[in-house]
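A.B. asks: Work the whole structure out from these sequences, hints included.
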Amino acid sequence: MKIGILTFHSAYNFGAVLQCYALFSTLTELGHNVEVIDYRPDYLATQKETFHWYTFINRSPWKLTERVKDVLKAKSHYAKFEKFSNANLHLSQSCNSQEELKEICNKYDCVVIGSDQVWCDKFNNNDCSWFGLDTQRKIKWVGYAVSAGKTKYDTNRLKDLIQRFHAIGARELDLYNTLVSCSQGNIDIDHVLDPTLLAPSDIWEKWHTPIIKEPYILTYQARESDDVFRLARSIAIQLGVKKIIPVDLYPNVKENGLKTYVCSPGEFVALVKNARCVVTTSFHGTAFSVILGTPFYTLKLNDGSDGRAQNLLDSINLSDRMIDIGSDITFSEYNSVIVQKELNRQKEQSLKFLTTALQ
Numbered sequence: 000m001k002i003g004i005l006t007f008h009s010a011y012n013f014g015a016v017l018q019c020y021a022l023f024s025t026l027t028e029l030g031h032n033v034e035v036i037d038y039r040p041d042y043l044a045t046q047k048e049t050f051h052w053y054t055f056i057n058r059s060p061w062k063l064t065e066r067v068k069d070v071l072k073a074k075s076h077y078a079k080f081e082k083f084s085n086a087n088l089h090l091s092q093s094c095n096s097q098e099e100l101k102e103i104c105n106k107y108d109c110v111v112i113g114s115d116q117v118w119c120d121k122f123n124n125n126d127c128s129w130f131g132l133d134t135q136r137k138i139k140w141v142g143y144a145v146s147a148g149k150t151k152y153d154t155n156r157l158k159d160l161i162q163r164f165h166a167i168g169a170r171e172l173d174l175y176n177t178l179v180s181c182s183q184g185n186i187d188i189d190h191v192l193d194p195t196l197l198a199p200s201d202i203w204e205k206w207h208t209p210i211i212k213e214p215y216i217l218t219y220q221a222r223e224s225d226d227v228f229r230l231a232r233s234i235a236i237q238l239g240v241k242k243i244i245p246v247d248l249y250p251n252v253k254e255n256g257l258k259t260y261v262c263s264p265g266e267f268v269a270l271v272k273n274a275r276c277v278v279t280t281s282f283h284g285t286a287f288s289v290i291l292g293t294p295f296y297t298l299k300l301n302d303g304s305d306g307r308a309q310n311l312l313d314s315i316n317l318s319d320r321m322i323d324i325g326s327d328i329t330f331s332e333y334n335s336v337i338v339q340k341e342l343n344r345q346k347e348q349s350l351k352f353l354t355t356a357l358q
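For the sequence shown, numbering that gives the first Met the number 0 assigns the number 0 to the initial residue and increments by one for each residue that follows.
Treat the hints loosely; a few may be bogus.
[Said to hold, decoys possible] Now the in silico label distances, taken between C-beta atoms and shown as ranges:
| # | residue 1 | residue 2 | range |
| --- | --- | --- | --- |
| 1 | 213 | 0 | 46 to 54 angstroms |
| 2 | 30 | 214 | 16 to 24 angstroms |
| 3 | 185 | 336 | 18 to 26 angstroms |
| 4 | 101 | 0 | 14 to 22 angstroms |
| 5 | 339 | 183 | 31 to 39 angstroms |
Keep in mind the hints are simulated off the structure, nothing from the lab.
Even for Gly, the Cβ is constructed at its ideal location relative to N, Cα and C.
C.D. replies: Laid out in structure tokens, this is it:
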């Protein structure tokens with residue numbers, strides 16, 4: 000079957016790129032001819048723009064120099080993402096409008112939408128493309144590990160939007176429950192794993208080689224919090240580790256006296272794999288720590304976006320790895336063998352949903 004994947008593959012975000020790579024690898028492993036649809040609407044391009052002329056006006060020479068350094072660092076970071084995508088994803092012809100997207104979709108037997116927060120209004124600009132399109136050719140539309148990044152939904156609108164789908168796998172339990180009530184039994188709905196957790200574990204092995212020799216604590220923020228660094232320093236002291244390695248571009252990295260390690264998505268996997276501990280506010284920071292068996296703590300920010308990581312940790316009996324802001328912890332490891340056993344059970348269920356949906 001010829002399959003197109005429609006997701007946020009071009010976002011300069013480790014989770015977005017690696018979940019796409021994982022789904023691409025899983026579908027290819029199942030024997031399908033797979034492309035990632037290179038959909039780059041203007042609103043997504045604007046979200047990742049690094050240079051704004053107004054940030055350079057009325058700056059002191061020192062601040063101007065710092066800003067130039069930040070922009071150059073961001074551009075280096077983004078170049079690594081583009082290089083990774085070009086090397087590891089089979090991309091379709093690029094398109095940036097709904098009409099162009101329709102033309103490209105016509106060549107597939109099936110389009111898989113997801114994973115990641117493709118149904119989040121904050122990111123998708125209310126673009127209905129993420130719910131399927133009326134195309135000239137009859138296409139099977141499947142949602143896999145779709146996420147809306149929230150817990151409350153406009154159910155009447157959702158009922159209308161999901162009508163094109165043959166099957167939908169939801170990444171979060173709240174969305175799954177909402178979809179079950181909206182579908183009225185006409186669409187196959189299931190609760191499934193993120194593709195990074197579904198993919199064959201050996202796809203990550205080529206990035207297992209350490210790239211930093213000294214022991215280190217890795218920090219990764221998807222949402223900014225100074226408590227990440229307080230917790231990382233506490234763990235570093237307990238383990239006798241001198242290095243803390245941040246891998247995001249938030250301003251508070253520099254404010255906390257640290258320097259961002261600019262890395263590609265593949266290098267990110269290597270950094271997680273070989274860290275003594277990971278401290279994160281990210282779902283995918285959490286997921287990759289679980290996949291690679293690395294000790295970790297996920298900070299709970301109570302900002303409405305903790306649910307994704309919380310759902311995952313609850314489902315594999317690791318709820319105690321989610322830490323409230325301000326909490327003091329005594330570092331401990333967890334039994335990764337037991338965790339992997341439960342994860343394998345969920346993998347079987349998710350893979351069964353995906354293979355059935357594609358038949």
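A.B. asks: If you check each hint against the structure, which ones fail?
C.D. replies: Numbers 2, 3, in rising order.
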